[in-house]
Amino acid sequence: MKKWIAALLTLASINTFALTVDEIVTKANEAAYYAGNDGQADVKMTITDAGGGERVREFRILRLNTGEGTQKFYVYFTAPADVARQVFMVWKEVAQGKDDSRWLFLPALNLVKPIAPGDKRTSFVGSDFVYEDVSGRALWEDTHELIEETDTQYLIKNTPNDPGAVDFSEYTVLIDKQTFLPVKAEYLDKNGKLFRRVEAVKIETVQGHPTVIESRVDDLARGGHTVNSFSNIQYDTGLTDMIFTERFLRRPPREATR
Amino acid sequence: MKKLILTAILISSFSFAADIETSGFVDARYGIRTQSDPNSDQETLNEVRLQLSSIWYHDLFTLTARSDFLYDGVANNHDRIDLETGGGPVDLREFNILFTPVDWADVKIGRQILTWGTGDLLFINDLFSKDWKSFFSGRDEEYLKAPSDALFMSFFPSFANIDVAYMPRFDADRFIDGERLSYWNGTGLTGADLQTDKPDNGFSDDEIAARVYRTFKGVEVAVYLYDGFWKTPQGFDPLSGKKTFPKLSVYGVSARGALAGGIASFETGYYASRDDRDGTNPNIPDSQIRLLAGYEHEIVKNLTGSAQYYLEHTPDTDDNRHVLTFRLTQKLMNQNLTLGLFTYWSPSDQDGYLRPSAAYKLSDRWKLEARGNFFFGQNNHTFFGQFADNNNVSLAARYSF
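First to last, the protein sequences are chains A and B. Residue 159 is where the first sequence starts when you use the numbering used here, and the numbers rise one by one after that. Residue 80 is where the second sequence starts when you use the numbering used here, and the numbers rise one by one after that.
To be clear, the hints were calculated from the coordinates, so they are not data collected in a lab. Given the structure is predicted, the values throughout are model-derived calculations rather than measurements. It is possible that some hints are incorrect.
[As the list claims (entries may be wrong)] Below 25 Å or equal to it, Euclidean Cα-Cα: the simulated DSS-like pairs (lysine-lysine) are:
hint: 1; chain 1: A; residue 1: LYS271; chain 2: B; residue 2: LYS277
hint: 2; chain 1: A; residue 1: LYS342; chain 2: A; residue 2: LYS360
hint: 3; chain 1: A; residue 1: LYS271; chain 2: B; residue 2: LYS321
hint: 4; chain 1: A; residue 1: LYS348; chain 2: B; residue 2: LYS296
hint: 5; chain 1: B; residue 1: LYS326; chain 2: B; residue 2: LYS296
hint: 6; chain 1: A; residue 1: LYS256; chain 2: B; residue 2: LYS380
hint: 7; chain 1: A; residue 1: LYS360; chain 2: A; residue 2: LYS335
hint: 8; chain 1: A; residue 1: LYS335; chain 2: A; residue 2: LYS315
hint: 9; chain 1: B; residue 1: LYS380; chain 2: A; residue 2: LYS351
hint: 10; chain 1: B; residue 1: LYS296; chain 2: A; residue 2: LYS256
hint: 11; chain 1: B; residue 1: LYS321; chain 2: B; residue 2: LYS380
hint: 12; chain 1: A; residue 1: LYS360; chain 2: A; residue 2: LYS348
hint: 13; chain 1: A; residue 1: LYS315; chain 2: A; residue 2: LYS348
hint: 14; chain 1: B; residue 1: LYS380; chain 2: A; residue 2: LYS271
hint: 15; chain 1: A; residue 1: LYS315; chain 2: A; residue 2: LYS271
hint: 16; chain 1: A; residue 1: LYS315; chain 2: A; residue 2: LYS185
hint: 17; chain 1: A; residue 1: LYS342; chain 2: A; residue 2: LYS185
hint: 18; chain 1: A; residue 1: LYS315; chain 2: A; residue 2: LYS342
hint: 19; chain 1: A; residue 1: LYS185; chain 2: A; residue 2: LYS256
hint: 20; chain 1: B; residue 1: LYS326; chain 2: A; residue 2: LYS348
hint: 21; chain 1: A; residue 1: LYS202; chain 2: A; residue 2: LYS342
hint: 22; chain 1: A; residue 1: LYS202; chain 2: B; residue 2: LYS410
hint: 23; chain 1: A; residue 1: LYS351; chain 2: A; residue 2: LYS185
hint: 24; chain 1: A; residue 1: LYS360; chain 2: A; residue 2: LYS315
[Unchecked claim] Pairwise CB distance ranges, derived in the manner of DEER restraints:
hint: 25; chain 1: B; residue 1: ASP354; chain 2: A; residue 2: ASN390; range: 40 to 48 Å
hint: 26; chain 1: A; residue 1: VAL359; chain 2: B; residue 2: GLY297; range: 37 to 45 Å
hint: 27; chain 1: B; residue 1: LEU230; chain 2: A; residue 2: SER327; range: 54 to 62 Å
Cβ coordinates follow ideal geometry from the N, Cα and C atoms, glycine included.
Make the full structure from the sequences, and use the hints.
This is the structure we're talking about:
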């Protein structure tokens with residue numbers, strides 16, 4: 159009997175310390191995209207092209223977790239001037255076969271326009287980030303392998319289940335063991351050559367949540383990079399579902415304009 | 080005691096936060112015909128425009144003021160400010176206050192841009208003012224929407240959303256009247272000032288528009304109602320010799336939702352021409368059924384295509400006007416270059432209209448734009464055919480701040 163208990167305890171402890179690869183990517187996904195019930199931040203996005211030319215986008219982003227992996231995002235642009243007051247809204251879906259719903263609000267026309275779902279690997283507002291970097295990539299879209307584990311990090315290799323749908327053949331993600339935040343992702347093109355790198359440059363703990371406050375993506379094929387700086391980060395401010403509707407597309411809520 | 084209450088009110092009002100956002104642009108634009116027009120000057124546009132916009136976000140209300148100040152070298156009127164038509168040196172785009180009297184309602188009062196419906200550059204239930212002069216002559220597409228002076232109320236009960244717009248005085252479209260563009264006047268092409276008799280008595284020549292909408296399983300369904308006047312002068316008064324705006328009511332529905340990786344839309348409306356219900360008066364447009372079906376899809380990354388079919392059916396004469404539209408939008412060079420082509424083609428009228436455009440963002444502040452407006456038609460009297468002498472290209476530079 160004692161032996162039996164000891165064996166059980168050993169098994170349990172193995173389970174505690176050796177996470178399966180699915181558990182690791184699930185925890186990393188939660189840490190990176192789902193912290194708190196809701197979150198908001200001011201984002202300054204600096205896009206530097208291969209020639210050194212710089213463009214800046216500034217926006218406030220509101221996020222609400224709506225259960226079973228679904229989320230709603232509200233992005234209120236404040237700069238540059240020609241896109242100021244535009245709103246981009248996403249209802250993110252993670253279930254297989256379901257597309258996100260996306261809307262754009264153009265203030266000069268007072269027009270709410272649904273956007274055709276489209277390729278999620280398309281540049282987000284002309285930056286080196288793609289839509290998927292902003293709202294996350296569904297876990298079922300890749301096969302995950304734990305290829306290396308150190309005292310502080312996991313290295314996960316991710317191979318797309320539908321290689322025709324994406325611009326990469328595989329990507330590796332380095333995950334911090336303590337925070338479970340992905341700190342570096344490297345993408346290989348169809349010829350196996352490294353062409354894209356996304357990094358968490360600065361991490362701070364905000365309201366108990368380890369949070370990326372500066373991230374950077376490098377386009378290694380064409381040159382050029384984009385840096386995102388996050389400020390005024392807040393979690394659990396009590397955002398409601400109501401904000402993520404046509405009513406508040408047409409009249410931005412104070413949560414966005416304050 | 081009174082003083083105390085007053086102080087308390089003052090202090091409490093200070094605890095409300097307010098934020099002001101200001102922005103604007105300077106836009107210089109030149110447009111010229113690609114052929115001569117015996118009825119008009121060669122230039123369609125020659126203007127410099129300053130837009131200033133200021134929004135005051137307060138916890139209790141939002142105040143919006145947005146106005147254009149322009150020098151327009153083509154307009155007939157340079158000096159007299161006409162806020163209704165946008166003529167003269169000032170075009171007030173927005174001046175309104177928005178507040179939320181109760182949780183489930185918003186109210187916006189004042190000058191505002193109003194838009195609803197599912198069409199892409201085609202409108203059935205959106206009877207808010209359009210500016211066709213700007214649209215056809217090469218201004219930025221946002222100028223297709225002219226402002227309305229309205230009381231706009233939105234209600235959000237649990238079962239649906241309800242919008243009601245009340246315009247105390249009829250706002251006509253900024254229609255083609257001979258300034259800038261020539262048109263068919265019933266007997267021939269002309270560039271002469273179109274003489275109209277517009278209903279303009281406050282609170283009696285009013286307009287009301289309403290929309291009730293909600294989403295069922297991802298499909299946005301809406302019901303619309305409009306009561307007012309034909310937005311362009313489609314009637315004729317043989318006594319005065321002027322074109323008129325006969326009474327119009329519109330009842331319509333629309334649906335829009337995701338379909339096969341794209342967005343599908345459908346809209347229809349019954350145009351009840353209330354001054355000529357039986358369709359016997361030749362000087363007043365007949366009632367019509369209008370219908371629109373559209374589909375938009377991303378073709379490849381950064382290239383989006385859409386198509387629409389539009390029908391105007393006149394039951395009294397059994398006439399049909401069919402229109403097909405196609406839009407292609409391509410984004411290149413980190414989305415800084417946008418190439419676009421919008422095409423209208425009517426197989427029944429045998430006419431059409433091409434709108435190619437190219438816009439390049441030199442920097443966050445500077446944008447260059449080239450546009451074309453090309454009309455073609457077998458006949459001079461059809462909707463697009465009448466503008467065949469107005470083909471134009473335009474160039475613009477805009478500095479945003």
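Verification of the supplied hints:
no.	hint	in the structure
1	A/LYS271 / B/LYS277	violated (33 Å)
2	A/LYS342 / A/LYS360	holds (12 Å)
3	A/LYS271 / B/LYS321	violated (39 Å)
4	A/LYS348 / B/LYS296	violated (38 Å)
5	B/LYS326 / B/LYS296	violated (37 Å)
6	A/LYS256 / B/LYS380	holds (19 Å)
7	A/LYS360 / A/LYS335	holds (16 Å)
8	A/LYS335 / A/LYS315	holds (16 Å)
9	B/LYS380 / A/LYS351	holds (22 Å)
10	B/LYS296 / A/LYS256	holds (12 Å)
11	B/LYS321 / B/LYS380	violated (52 Å)
12	A/LYS360 / A/LYS348	violated (30 Å)
13	A/LYS315 / A/LYS348	holds (15 Å)
14	B/LYS380 / A/LYS271	holds (19 Å)
15	A/LYS315 / A/LYS271	violated (38 Å)
16	A/LYS315 / A/LYS185	holds (16 Å)
17	A/LYS342 / A/LYS185	holds (16 Å)
18	A/LYS315 / A/LYS342	holds (12 Å)
19	A/LYS185 / A/LYS256	holds (23 Å)
20	B/LYS326 / A/LYS348	violated (64 Å)
21	A/LYS202 / A/LYS342	holds (20 Å)
22	A/LYS202 / B/LYS410	holds (23 Å)
23	A/LYS351 / A/LYS185	violated (28 Å)
24	A/LYS360 / A/LYS315	holds (23 Å)
25	B/ASP354 / A/ASN390: 40 to 48 Å	violated (58 Å)
26	A/VAL359 / B/GLY297: 37 to 45 Å	holds (38 Å)
27	B/LEU230 / A/SER327: 54 to 62 Å	holds (58 Å)
The structure fails hints 1, 3, 4, 5, 11, 12, 15, 20, 23 and 25 (numbered hints given earlier, in ascending order).
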